[in-house]
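Visitor: What follows is the residue order along each chain.
2 protein chains.
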Amino acid sequence: MSALRFPHLPPSEPQGCDLLTQERSKTTFGVHDLSTFLYGELYLERQERLLALLENEPAFNKSNRYFKGRTERIAGALRKDHALVKLSQKHKWTPEEFMQAEALIDEAGPFGLHRGMFMPTLASQSTDEQIEKFLKPAMRYEIIGCYAQTELGHGSNVQGIETTATYIPETDEFEIHTPYLTASKWWIGGLGKAANHAVVMARLKTAGKDYGPHAFVVPIRSMEDHTLLPGVMAGDIGPKFGYNTTDNGCMWFDHYRVPRISLLAKHSSIKPGSGEYVKPPNDKLSYGTMVLVRASLVGAARQGMAKAVTIATRYSAIRRQFVDKDSPKMLGDQIIETSVIDYSMQQYRLFPIIASAYACFFTSKEMMRLYYLNMKNMASGDFSMLADVHASSSGLKSLTTTMAAAAIEECRRACGGHGFSSFSGLPLMLQDYVPNVTWEGDNYMITQQTGRYLFKSFRDLVAKRASGKFNASLINNPTLAYLNTYLDNPDLKCPATSAAQFHNLEIQLAAYGHRAAHLVADIVNALDVEKRTWNSMLVEIYNVSVAHCQFILVQNFILGIRGEMPQPEGVAVVELSPQAKEALTDLSDLFALHMIHKQPGEFLTSGYLNAKQVSLIGKAVMDVMENKIRPNAVGFVDAFAFPDFLLNSALGRYDGKVYETYTEMATREPLNQMEVMEGYETYIKPFTNPQGKKGNTMQARL
Amino acid sequence: MSALRFPHLPPSEPQGCDLLTQERSKTTFGVHDLSTFLYGELYLERQERLLALLENEPAFNKSNRYFKGRTERIAGALRKDHALVKLSQKHKWTPEEFMQAEALIDEAGPFGLHRGMFMPTLASQSTDEQIEKFLKPAMRYEIIGCYAQTELGHGSNVQGIETTATYIPETDEFEIHTPYLTASKWWIGGLGKAANHAVVMARLKTAGKDYGPHAFVVPIRSMEDHTLLPGVMAGDIGPKFGYNTTDNGCMWFDHYRVPRISLLAKHSSIKPGSGEYVKPPNDKLSYGTMVLVRASLVGAARQGMAKAVTIATRYSAIRRQFVDKDSPKMLGDQIIETSVIDYSMQQYRLFPIIASAYACFFTSKEMMRLYYLNMKNMASGDFSMLADVHASSSGLKSLTTTMAAAAIEECRRACGGHGFSSFSGLPLMLQDYVPNVTWEGDNYMITQQTGRYLFKSFRDLVAKRASGKFNASLINNPTLAYLNTYLDNPDLKCPATSAAQFHNLEIQLAAYGHRAAHLVADIVNALDVEKRTWNSMLVEIYNVSVAHCQFILVQNFILGIRGEMPQPEGVAVVELSPQAKEALTDLSDLFALHMIHKQPGEFLTSGYLNAKQVSLIGKAVMDVMENKIRPNAVGFVDAFAFPDFLLNSALGRYDGKVYETYTEMATREPLNQMEVMEGYETYIKPFTNPQGKKGNTMQARL
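Going line by line, the protein sequences match chains C and D.
Residue numbering for the first sequence follows the UniProt record's numbering, beginning at 1 and increasing consecutively.
Residue numbering for the second sequence follows the UniProt record's numbering, beginning at 1 and increasing consecutively.
Hints are computed from structural coordinates only; laboratory data are not their basis.
Treat the hints loosely; a few may be bogus.
To be verified - Here are the simulated BS3-like pairs of lysine-lysine, each with C-alpha atoms no more than 25 Å apart in a straight line:
hint : chain 1 : residue 1 : chain 2 : residue 2
1    : D       : K531      : D       : K464
2    : C       : K619      : D       : K693
3    : D       : K456      : C       : K325
4    : C       : K581      : C       : K619
5    : D       : K133      : C       : K693
6    : C       : K612      : D       : K612
7    : C       : K598      : D       : K325
8    : C       : K136      : D       : K685
9    : D       : K693      : C       : K133
10   : D       : K325      : C       : K86
11   : C       : K136      : C       : K266
12   : C       : K136      : D       : K694
13   : C       : K685      : D       : K136
14   : C       : K581      : C       : K628
15   : C       : K279      : C       : K205
16   : C       : K329      : C       : K133
17   : C       : K619      : C       : K598
18   : C       : K133      : D       : K694
19   : C       : K136      : C       : K86
20   : D       : K86       : C       : K209
21   : C       : K493      : C       : K612
22   : D       : K86       : C       : K685
23   : D       : K209      : C       : K329
Stated by the list, open to error - One-sided excerpt, in silico: chain D residues whose CB lies under 8 Å from chain C:
hint : residue
24   : A52
25   : G153
26   : F241
27   : F420
28   : L604
29   : A611
30   : E660
31   : E669
32   : N689
Built from N, CA and C at the ideal position, the CB exists for glycine as well.
Can you make the complete structure from the sequences, with help from the hints?
Guide: Spelled out as structure tokens, the structure:
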């Protein structure tokens, strides 16, 4: 039977493309100027060039992405990863080009962790010999690896892992073993089917002592035919909420022997024969990588929010619903339904997300700068920045990934029923995004690291101020600065008395600083004076991390717009046009005020703001949204410069052809490839036409 | 190649089953007593009986549910729906039995809307003749129907639909037509593939006038062979975030003629020949159904939260992570990791969800009672309850479905990485649940109905009080009661001065009443005095609906525990045991205090609570969680009485065999049915062994 043909009808007026054109005509700044500020000219040119390549490669075609079951999707992702490597080799891509192409294709795959974790681990922990043996073949994809740390019973607490690697002096080998079911390696991306090697984190046992988790490079599948090696069992852990194009795997070792060179020995090693353990020189070095990963997740959070809100904002300008009776819209002399973007509730849902995406842009940039600066410092023995950068990166990872997951889901819901369709692009985006709130440290758990740093800073500062040897002008980081301002006057009140005054960015920043400091002081008092246990304070500790990181986001947003953020070495400065600067200032304004308006509790309990002021802030929020952000909403999301190929969304298309694209996508649904569904004869006909009567019986009945 | 065999290893100590046994020994109340209070003995017995049947029917087997792609899932769901109808016919199930069986199988299907919307619409809007012609064959599944209201361009605003049904006097027919792409019927459950009839909402046009949307029963597929009838095009709208076992469909009509009897004519009709329109007697009657659907969604919200938190609570008692240094747990003389349920943050995430599920139980019960009472009243011409019930049902639908969606996702995340696995049961649960926040009125949009009612009530009350003819003792509903208390003294302050005093339920309820009334008064002032537009107040209107409905939930929880909630007619009272009553009182306490603690803003800005009191509430929350709820946590979720067959979760099993079940489920992953994945030769081998070398080359290299 032939496929169904849906009719080609036009949508009723006004058309989506006309509505978007109209929106774009209202933009007060040059969209390309703002895109260039965000990404640089080079990046945007490269995007055009890469797009032309990617859109022509069948392995990257997205038109059937939403229809496939997991088995098909994994097969497609392997084909895609293969094609990507081939293409990168053909065109001799730089790492930047590779990453940008990967982001445009936007689908995890079996080789992802080979590049993302296996090779970086080899690079940072290998001896020269190991670089030759493991890293170089890995770079040529002769070795395809994965990173096997997490166990079935052990996630965030790496120290608790149970897999053992016992040194056998007689043969100069390690015996890797899985003693319990809870020690099964689990969740390991690329392990399920693709990898032939693994970095395995296992407890190093030698000379009767347990030295805790160490990294071992271990062959797991045969280089001849990819079968599992004797002593290794591995497979796929099954379907997941998202990330189904990756073969997350599980693995067990049965007294599996590997030679001594398997232990990645740049930092710590074993003396052959005696099995004596040689300690690493400084274990702080490993924090560097953690900071990098967490800082890069702030950038990924920006990307996630920005993609989702691009779709929702464009669609909201097109979708019309009900008539706003106080201000009806006209088309000629007809009253038409109001675009949903004109409802204040929709603005309150979406515009703060636009603002958050820009906020994360500045903070992500700053975190990367701090990471490189800190690495440089540490290399020369200066660890003074590490605590601050580590604390911020933990708290910011937690806050921004939580924000982004909420933002994607909010955008999905803000698209109404159609946000539930896969063709909106939002369900899969959410499903693939949400592991970010769990991996690299659960978002609740890791805020304890931020808290610990804040409390220590506060206690040190209090002690210093009491010592008489204190000089405020020596304070060199923003955390100490806001804590110090608070200690100068804990009972300070916000001076603003009108909605207009709350648009002052300094007034906003002071409120965030005071609130964070007040929470820090409260918790330190509870811990040190009231002697409450750490466990009993975890909710407050989470909240203080949020408050601290919101301060950072607000501050970087302000400094970034002003051009006052330090520039990374060797990076050319791109100036903001005055129009774009003004428009971004409105977003920064909304960003800071909206968070207070939505959750004013701590600003009030800190005593810094009062009820009247919160109400003024509410007015200021509605004012900036309606009068400043609304005309630029589509321009702000256009400036993110996401091509349709990336978004793969019927609702978020640049040209506004929402309903036509949506219908066209539905024609490709496999169920529509035949008119009568397969189960009809067995499961429907016995009810509706058991005797197999001929003729259109029901038509006749009518 | 043969399937992979994962090893049978035991988890390390302590075992999940022992941990749950230990938890259960701490429960202070009889779990079965509480289950009986929730459901009644009859329901629980029926569940056992139905389970025995369902678990033996292959069409209901859930063991491969998480592995299937959409095409397979739709096919399986049709098979399941067929089997369910056959089983119900064989055992002559009552509607209650049918619904209970459906809930245990817990999978939407192609016949769902036939029962859920098609037949109920026929039942309420048919003439006697139409009952014979349409409803009776539908009850026998000769007719399988769907309910086609939503259009591609028109959702919540039903008045905006564009499909037309024009009366043709010459032939005494209606011509149904789709004029634009935006008029395509869309999202119609069961339409995609299964239905042969549809109730179509179309604009009734007759004698040159447009009478707006009316319901028509229309044949769409042939009764002979299920092909589409000439003039009708229909298909499936494609994959969705969830609900993928339902064939949501789209449909177009091309000048499609149906006889006059197609118009469901109980309330309004057309005179043959002249085409004169006969108006319905009272259009308020249709609100009844809307109230029923929204009220039933409160019950579904309870079910959703309860299922999710059952899984997360049991798993949290088993999952161990890190050592709480202030209070390390021992196994023999070994320090072991602490169960995550013992961390205060985990308690703060999960216990309020347990409390919310119980809160929704009482309010759902009360809403159903009010629905039936209101229907009875309306039948005798008394519409006095309608406004209040309609307003509450809208606001409660919005609040409780938003709470439930958030709760399911929070439970998923609270299971850490494993919550991301489909085998946790939580991803699919979330995906299938979330349409609730959009359908039956978008959760932001419908709160305007609640707001309108509150503002009118407030204005009327103010006018009555000013008239001098006011008698407070005549106030007969809780909304007016809290508004009146507020008007007696808008500047009232909460009298509590210690954490202990906040455990007083009356003090809690007064805070909720004052806060809601304060918001109502503020908005009425903004609308009536400041003359702000309705659109500019939508955020505040949403917030006031939340505040009002939180008041209702808190109040019903308190009354329900005390046995002071009115009992529906003819329903036997089940008494709470004193132990269960005490335990539920702790939950009610937590429910009320936690919401204030989490979002204290409006309680502070209303002036009713101060910062010190919010801090005391924080202490009260932590105290009740640790000392009262913690020992009963597993008992509370056990009392929900969800069988493992329903939950279908490795993490939430009653017996605590988390890791064993999880591993066993992974063995069934299709990718594990062969050792080497299909794409190896094409996509991996060219990199790893291009020359096809024999021998384990990498092993050799090591």
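Visitor: Could you run down the list of hints and mark each one as holding or not?
Guide: Hints, one by one, checked against the model:
A C-alpha spacing of about 22 Å is found between K531/D and K464/D, which places the hinted pair at or below 25 Å, so the restraint holds. For the hint pairing K619/C with K693/D, the CA-to-CA distance comes to about 73 Å; that exceeds 25 Å, so the pair is violated. The hinted pair formed by K456/D and K325/C meets the criterion: a straight-line CA distance of about 19 Å does not exceed 25 Å. For the given pair, K581/C sits about 23 Å from K619/C by alpha-carbon distance, which is consistent with the 25 Å threshold.
Among the hinted pairs, K133/D with K693/C is consistent with the structure: their alpha-carbon atoms are about 18 Å apart, no more than 25 Å. Taken as a hint, the K612/C and K612/D pair is honoured in the structure, with Cα atoms around 19 Å apart against an allowance of 25 Å. A threshold of 25 Å between alpha carbons decides the hint, and for K598/C with K325/D the separation of about 36 Å lies outside it, so the pair is violated. Using a Cα cut-off of 25 Å, the hinted pair K136/C and K685/D holds, with the two alpha carbons roughly 18 Å apart.
As the CA atoms of K693/D and K133/C are separated by approximately 18 Å, the hinted pair is consistent with the 25 Å bound. For the proposed pair K325/D and K86/C, the alpha carbon gap of about 52 Å is over 25 Å, so the pair is violated. A threshold of 25 Å between alpha carbons decides the hint, and for K136/C with K266/C the separation of about 16 Å falls inside it, so the pair holds. Straight-line distance between C-alpha atoms of K136/C and K694/D comes to about 22 Å, which keeps the hinted pair within the 25 Å bound.
Between K685/C and K136/D the CA atoms are separated by roughly 18 Å; this keeps the pair inside 25 Å, and the hint holds. With a CA separation close to 13 Å, the supplied pair K581/C and K628/C stays within the 25 Å bound. Distance hint between K279/C and K205/C is fulfilled; the C-alpha atoms sit about 13 Å from each other, no more than 25 Å. Taken as a hint, the K329/C and K133/C pair is broken in the structure, with Cα atoms around 70 Å apart against an allowance of 25 Å.
Between the alpha carbons of K619/C and K598/C the distance comes to roughly 12 Å, so the proposed pair stays at or under 25 Å and holds. Restraint check for K133/C and K694/D: satisfied, since their Cα atoms lie roughly 20 Å apart, inside the 25 Å limit. Restraint check: the Cα-Cα separation between K136/C and K86/C comes to about 17 Å, which is no more than 25 Å; the hinted pair holds. The straight-line distance between the Cα atoms of K86/D and K209/C is roughly 66 Å, outside the 25 Å bound, and the hint therefore fails.
Annotation: proposed proximity of K493/C to K612/C holds, straight-line Cα distance about 13 Å (limit 25 Å). Between the alpha carbons of K86/D and K685/C the distance comes to roughly 13 Å, so the proposed pair stays at or under 25 Å and holds. Proximity of K209/D to K329/C is assessed by CA-CA distance (about 24 Å); at most 25 Å being required, the pair is judged to hold. The interface hint given for A52/D is broken, as the beta carbon of that residue sits about 24 Å from the closest beta carbon of chain C, more than 8 Å.
At a threshold of 8 Å, the smallest CB-CB gap from G153/D to chain C is about 6 Å, leaving the interface hint in force. For F241/D, the interface hint holds, the least distance from its beta-carbon to any beta-carbon of chain C being 4 Å, beneath 8 Å. The interface hint given for F420/D holds, since its Cβ lies 5 Å from the closest Cβ of chain C, which is under the 8 Å cut-off. Interface restraint check: L604/D against chain C, minimum CB-CB distance 5 Å, threshold 8 Å, status holds.
Given the 8 Å rule on beta carbons, the hint for A611/D holds: about 4 Å separates it from the nearest Cβ of chain C. For E660/D, the suggested interface contact is upheld, since its CB lies about 7 Å from the closest CB of chain C, less than 8 Å. For E669/D, the shortest C-beta to C-beta distance to chain C is roughly 4 Å, which falls under 8 Å, so the interface hint holds. Taken as an interface hint, N689/D checks out: its beta carbon lies about 6 Å from the nearest beta carbon of chain C, inside 8 Å.
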